[in-house]
Structures are given as C-alpha cells and as structure tokens.
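Trainee: Based on the provided sequences and hints, a complete structural model is requested.
Using my numbering, the letters of the sequence shown map in sequence onto residues 48 to 178.
Hints listed in this document are in silico derivations from the structure and should not be mistaken for laboratory results. A quick note: this is a predicted structure, and the numbers were derived from the prediction, not measured. Idealized CB from N, CA, C, for every residue including glycine. Heads up, some of the hints might be wrong.
Unchecked claim - Ranges of calculated distance between the beta carbons of each label pair, as one might list FRET restraints: (1) 166 - 133: 15 to 23 Å; (2) 49 - 96: 32 to 40 Å; (3) 75 - 95: 32 to 40 Å.
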Amino acid sequence: MTTHEIGPRLVDGRLMYNRAVRVDDPRSWLFVSGHEARDDDGAITHRGDMAGQMRLTLQRLGETVAEAGMTMADVVQIRIVTTDLAACTSRYDVLMDGLAAVGCRPASLLAEVSALSDPDMLIEIEAVAVR
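Mentor: Listed below in structure tokens is the structure:
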C-alpha cells in the first residue's frame with residue numbers, strides 16, 4: 048500500500064492537515080467510531096479542559112486502532128467535532144503535536160456542533176485507517 052499526501056497545510060512548519068490522502072492498493076480498512084475523553088470507567092474526564100480532552104481522546108483512538116492491529120500512522124482521515132470551535136482552534140497545537148508524534152498525517156474535518164452525547168464532552172474524533 049502507498050499513500051500520497053495532497054495539498055498539505057502547514058502552520059509554523061508543522062502539518063495541520065492534508066487536503067486529501069490518496070491510498071493505492073489497501074488490504075484492510077478500519078472505520079473508527081467517535082472517541083472522546085473517557086476514563087476506564089466510562090466517565091468523561093478533563094471537564095472544561097480542551098487540551099486535556101484532546102490528549103485523552105487521541106490516546107483512546109490510538110488504543111482502538113492498535114486493538115485492530117493497525118497504528119495511528121495508518122489513519123488517513125479524521126473527523127473532529129467540538130462544542131467550542133474557538134477553544135479547539137486555540138489549542139489545535141495539541142492535536143497537531145499528538146498526531147505528529149505517532150506519524151499520523153490525515154485528511155481532516157473540524158466542525159462545531161451545538162452538543163455532543165455527553166454535556167461534559169468538548170471534542171469527539173472519529174477516524175478511517177487503511178493498511
């Protein structure tokens with residue numbers, strides 16, 4: 048399998064997102080439901096802390112991808128929804144750094160919604176991975 052990044056958007060030399068990612072000859076696809084900042088007991092953590100929720104959400108997403116036998120470097124698309132776009136964009140460096148640390152260079156969507164499934168959730172991320 049080969050991936051080709053199309054239209055990368057950089058901020059201060061760091062990848063913010065790719066406008067597209069072309070994948071040639073994938074063997075396996077993984078569609079990952081929305082993940083959020085839940086602890087091991089299922090409770091939302093880091094209430095009111097966008098950066099904390101971003102970090103834990105990426106960690107949980109990585110755990111699910113690994114359980115499926117893939118890595119975050121296999122993720123080619125993420126969709127991020129937040130209840131506070133201003134807070135999310137002001138801490139977007141947390142997402143950029145977290146994704147860069149695991150070699151993840153996806154196409155992405157960032158959108159604001161009026162509510163998520165739990166009122167304490169600030170962000171939710173879903174993904175598509177290929178290998």
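Trainee: For each hint, tell me whether it holds in the structure or not.
Mentor: Cross-check of the supplied hints:
1. 166 - 133: 15 to 23 Å: At 18 Å between Cβs, range holds.
2. 49 - 96: 32 to 40 Å: Since residue 49 and residue 96 have Cβ atoms about 39 Å apart, the given range 32 to 40 Å holds.
3. 75 - 95: 32 to 40 Å: Distance hint for residue 75, residue 95 holds at roughly 38 Å.
The structure is consistent with each of the numbered hints, conforming to all of them.
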